[in-house]
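Use the sequences and the hints to build the structure in full.
Protein chains in written order, with my numbering: chain V, 1 to 434; chain G, 1 to 434.
These aren't lab readings, by the way, just hints derived from the structure by calculation.
One or more of the hints may lead you astray.
Since copy identity is lost for identical chains, a pair holds within one copy or between any two.
[As the list claims (entries may be wrong)] In silico lysine to any residue, SDA-like type, Cα no more than 25 Å apart, as pairs:
1) K239 <-> G207
2) K204 <-> G52
3) K94 <-> E166
4) K51 <-> A409
5) K51 <-> G408
6) K432 <-> H379
7) K51 <-> K432
8) K38 <-> L419
9) K94 <-> H379
10) K292 <-> G77
11) K204 <-> E424
12) K292 <-> V326
13) K417 <-> G52
14) K94 <-> Q336
Protein chains: 2
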Amino acid sequence: MSILFQNVTAVLMDGASTVLSNAFVAVEGGKIASVGAKKPEGVFERVIDGKGGILMPGLVNAHTHVPMTAMRGYGDGHDLHDWLNNFIFPVEAKWDDRAIRACADLGLMEMIASGTTCLCDMYMNTLTIGQAVADAGLSANLGLGAVFFGETFSPEACGDCAKSQELYDAWHGFDNGRILVDGSIHAEYTSKPGVYEWVADFAKSHGLGINVHISETQTEHEECKARHGGLTPIQVMEKYGVLDVRCTAAHCVWTQPEDWAVMAARGVTAVHNPASNLKLGSGVAPIVELMKAGVNVALGTDGVSSNNTTDMFEDMKLAAILQNGVRRDPLALTAQDALRFATVNGAKALGRDTGSIEVGKQADLILLDADALNLIPCHDAANNIAYAAHGCDVKLNMCRGKVIYENGAFLTIDREKTLREVREYAVPMLFKGK
Amino acid sequence: MSILFQNVTAVLMDGASTVLSNAFVAVEGGKIASVGAKKPEGVFERVIDGKGGILMPGLVNAHTHVPMTAMRGYGDGHDLHDWLNNFIFPVEAKWDDRAIRACADLGLMEMIASGTTCLCDMYMNTLTIGQAVADAGLSANLGLGAVFFGETFSPEACGDCAKSQELYDAWHGFDNGRILVDGSIHAEYTSKPGVYEWVADFAKSHGLGINVHISETQTEHEECKARHGGLTPIQVMEKYGVLDVRCTAAHCVWTQPEDWAVMAARGVTAVHNPASNLKLGSGVAPIVELMKAGVNVALGTDGVSSNNTTDMFEDMKLAAILQNGVRRDPLALTAQDALRFATVNGAKALGRDTGSIEVGKQADLILLDADALNLIPCHDAANNIAYAAHGCDVKLNMCRGKVIYENGAFLTIDREKTLREVREYAVPMLFKGK
Numbered sequence: 001m002s003i004l005f006q007n008v009t010a011v012l013m014d015g016a017s018t019v020l021s022n023a024f025v026a027v028e029g030g031k032i033a034s035v036g037a038k039k040p041e042g043v044f045e046r047v048i049d050g051k052g053g054i055l056m057p058g059l060v061n062a063h064t065h066v067p068m069t070a071m072r073g074y075g076d077g078h079d080l081h082d083w084l085n086n087f088i089f090p091v092e093a094k095w096d097d098r099a100i101r102a103c104a105d106l107g108l109m110e111m112i113a114s115g116t117t118c119l120c121d122m123y124m125n126t127l128t129i130g131q132a133v134a135d136a137g138l139s140a141n142l143g144l145g146a147v148f149f150g151e152t153f154s155p156e157a158c159g160d161c162a163k164s165q166e167l168y169d170a171w172h173g174f175d176n177g178r179i180l181v182d183g184s185i186h187a188e189y190t191s192k193p194g195v196y197e198w199v200a201d202f203a204k205s206h207g208l209g210i211n212v213h214i215s216e217t218q219t220e221h222e223e224c225k226a227r228h229g230g231l232t233p234i235q236v237m238e239k240y241g242v243l244d245v246r247c248t249a250a251h252c253v254w255t256q257p258e259d260w261a262v263m264a265a266r267g268v269t270a271v272h273n274p275a276s277n278l279k280l281g282s283g284v285a286p287i288v289e290l291m292k293a294g295v296n297v298a299l300g301t302d303g304v305s306s307n308n309t310t311d312m313f314e315d316m317k318l319a320a321i322l323q324n325g326v327r328r329d330p331l332a333l334t335a336q337d338a339l340r341f342a343t344v345n346g347a348k349a350l351g352r353d354t355g356s357i358e359v360g361k362q363a364d365l366i367l368l369d370a371d372a373l374n375l376i377p378c379h380d381a382a383n384n385i386a387y388a389a390h391g392c393d394v395k396l397n398m399c400r401g402k403v404i405y406e407n408g409a410f411l412t413i414d415r416e417k418t419l420r421e422v423r424e425y426a427v428p429m430l431f432k433g434k
Numbered sequence: 001m002s003i004l005f006q007n008v009t010a011v012l013m014d015g016a017s018t019v020l021s022n023a024f025v026a027v028e029g030g031k032i033a034s035v036g037a038k039k040p041e042g043v044f045e046r047v048i049d050g051k052g053g054i055l056m057p058g059l060v061n062a063h064t065h066v067p068m069t070a071m072r073g074y075g076d077g078h079d080l081h082d083w084l085n086n087f088i089f090p091v092e093a094k095w096d097d098r099a100i101r102a103c104a105d106l107g108l109m110e111m112i113a114s115g116t117t118c119l120c121d122m123y124m125n126t127l128t129i130g131q132a133v134a135d136a137g138l139s140a141n142l143g144l145g146a147v148f149f150g151e152t153f154s155p156e157a158c159g160d161c162a163k164s165q166e167l168y169d170a171w172h173g174f175d176n177g178r179i180l181v182d183g184s185i186h187a188e189y190t191s192k193p194g195v196y197e198w199v200a201d202f203a204k205s206h207g208l209g210i211n212v213h214i215s216e217t218q219t220e221h222e223e224c225k226a227r228h229g230g231l232t233p234i235q236v237m238e239k240y241g242v243l244d245v246r247c248t249a250a251h252c253v254w255t256q257p258e259d260w261a262v263m264a265a266r267g268v269t270a271v272h273n274p275a276s277n278l279k280l281g282s283g284v285a286p287i288v289e290l291m292k293a294g295v296n297v298a299l300g301t302d303g304v305s306s307n308n309t310t311d312m313f314e315d316m317k318l319a320a321i322l323q324n325g326v327r328r329d330p331l332a333l334t335a336q337d338a339l340r341f342a343t344v345n346g347a348k349a350l351g352r353d354t355g356s357i358e359v360g361k362q363a364d365l366i367l368l369d370a371d372a373l374n375l376i377p378c379h380d381a382a383n384n385i386a387y388a389a390h391g392c393d394v395k396l397n398m399c400r401g402k403v404i405y406e407n408g409a410f411l412t413i414d415r416e417k418t419l420r421e422v423r424e425y426a427v428p429m430l431f432k433g434k
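Structural data, given as structure tokens:
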């Protein structure tokens, strides 16, 4: 289908951070066909008038756990250990595919309505999450976050190895690469060197990336060093080959200068999760230092149980202002920096041809409401996006050239059925007796 | 008019932090007439079915500068001095009443739509702001933030003294106290002791409160001490009688233990503005210490040019998570704490009988959308409000028993006319040649 956006303020996120007023953006065959100030030749099946609103690349949520919508606000206000052991883990032990599907659909709707077009998800029951993403129409890198608490590793002893292979077989490359599978290691502390090596080999042999939690808390970082002769989580991952492929490292709150050098040299992306890191008391990630060291920084919401929303605009604003505040430097990070985290840098992290409005890129686009009160006036589109926009300003979400959300209506997910499934099946089943 | 809310999850914000499921809340004569699990007797002119959504007290934005919507995103990304001198002040020199009215209406609409029912505003052209608030239907404490850069103070030499008196004469007590006038001192560093004393006497003689910026930046705090023989801004205000009345001190980022003791003893409220303080690089206010010292902590968005929205839900979430993150303690602040800042504590700060759902209080109420994706499921209403809700989840805003906003429609402000005035008059006039 060919679609023309006209009368939009196009925030391109190209190398020059171009913003075009009164722009035209044409989409054809799922890709961006033209961008410019003049109306392109040709006949379009649909013309969308943006009424002066902002058209920008869809947001890339580079670290999340989408079905955790089920646990939104459950157990908040307890310390981390208590929260995980007495609230989160007992519920996670009850998951079945029907509940996963309902809660994934809820999470995907929330993301779509707030402007996400591409995500990187790490969770369990990933075959079902694959189906949800396939049906929802957005793009995702999916990983089965491998954990292994056994004594002696073998691929047979670690059920998550077999499940990663199944996930790959079922979903990798689906719909011309709309779904990609990543190798996935939950974290250094929930696993063993055998797992790191197996996932690294799995990713290398299939040409995949890897995602992993890195140095989220100080305890995790220090205990890793004690266990591994002074090596940090990043250094452990490097030792076992995990950094030999495109790798996204979530959190990175406690990474050190030595880690930043390794990450820059090996092309590892740091995924910043500012809301989650603040809420759980993990700390403030050294984002300015990571950037200065040359590390690609992307942005994620983390799971809903530690955020408690998946509104990327909220994390974008937080990313934009948090470094300024804790360093007492109003110029520590700019609106453009935060915008890059949420778009082009996320695309790079996930190995995807998206995140900017340029000819030939995937047509992953969102249109913001020109009449949203919080976007008036618009002296500077990037400033309005980073500091003033809310997810609910998204009027239209297009993934790979297809409109999947418009004016509050979901075109790929049955909203009412999903809410019914969450309320009448998933929540009663998961929280029975609680 | 008598109105009954039924089928709501009522978050009362009473002393016991009660949350009532399937609750009924009746409103009569602008006040809350009953709250309970049983339908009250009597006939109501209107029955509002909340469909299970959250009914809570309207939010109190305890520090803002409402007409600054004009400068949203204008000059962001420049250092504070450059930003103020080359962007904000030159525009402020051009204000006229027509532009103030348009931009105030825009700001009030944004606040109303995101759940604010009461605000404390400090700005200039306050007679016009009074008219805007009067027409909008919400409650406000208005202050003419006095500044004085002259050599020798006299009330005649300081135009802001006469303007404060005019503001008092025109608007104090309007509509049974819906509008109150506060004495207002912009800050220690923009004024002189004569002004502090004059405002203190003005407030005392008329029975008013006072609002003032306190210790927003380290420079301001330290320069004050150098100027005043070691006295901090709070101590200076105490010396000149400003703390003899109900006083709200905005920011308080650099206040010290001695200040907290004074504030607690004198009943001074600290108004936390977390988004503004982060964005401008001012720092992180010592909110936990202020609370421990017994200081009343309220919440404000600050002006739009340093936030850049007036969505109190955003600042509520930031308040709830920021202290946890910078102290690395997930229990440093709870959802309830942040909710209290934004409701009951704000009401106390402004000397108002609102901020909780209790019989006899002003009927300042907001209803959240039961079907907002980001509020599903609802394991704990306070957690959902503090961490997951967005301003756009507000379906209905009632001030003093009158519905002023419902399902996206403004019942007291002409939205289209305001946008036209902002776009066609205020912005061209204020930013001409820029």
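Checking K432 and H379: alpha-carbon separation at most 25 Å within a copy, between copies, both or neither? For K432 and H379, only the inter-copy Cα distance (12 Å) is at most 25 Å; the intra-copy one is 52 Å.
With identical chains treated as interchangeable, where does the CA-CA distance between K204 and G52 reach 25 Å or less: within a copy, between copies, both, or neither? Neither, since 46 Å and 51 Å both go past 25 Å.
Give the relationship of K94 and E166 under a CA distance limit of 25 Å: within one copy only, between copies only, both, or neither. So K94 and E166 pass the 25 Å test inside one copy only (21 Å; across, 66 Å).
Within a copy, between copies, both or neither: where do K292 and V326 come within 25 Å Cα-Cα? So K292 and V326 pass the 25 Å test inside a copy (17 Å) and across (22 Å) alike.
Alpha-carbon proximity context of K417 and G52, limit 25 Å: between (35 Å within a copy, 18 Å between copies)
Within, between, both or neither: K204, E424 at alpha-carbon 25 Å: Neither: 43 Å inside a copy, 59 Å across copies.
Under a CA distance limit of 25 Å, which applies to K94 and H379: within one copy, between copies, both, or neither? between (51 Å within a copy, 17 Å between copies)
Since the copies are identical, ignore which copy is meant and state whether K51 and G408 lie within 25 Å (CA to CA) inside a copy, between copies, both or neither. both (17 Å within a copy, 19 Å between copies)
Within a copy, between copies, both or neither: where do K292 and G77 come within 25 Å Cα-Cα? For K292 and G77, the Cα distance is within 25 Å only across copies (18 Å; inside one copy 35 Å).
At most 25 Å between C-alpha atoms: does K51 with K432 qualify within a copy, between copies, both, or neither? Between. Shortest inter-copy distance 23 Å satisfies the 25 Å Cα cut-off; intra-copy 49 Å does not.
Is the C-alpha distance from K239 to G207 at most 25 Å within one copy, between copies, in both cases, or in neither? within (19 Å within a copy, 71 Å between copies)
Homomeric proximity label, K38 with L419: Cα distance no greater than 25 Å: neither (44 Å within a copy, 28 Å between copies)
The structure is inconsistent with the numbered hints 2, 8, 11 and 14, although it conforms to all the rest.
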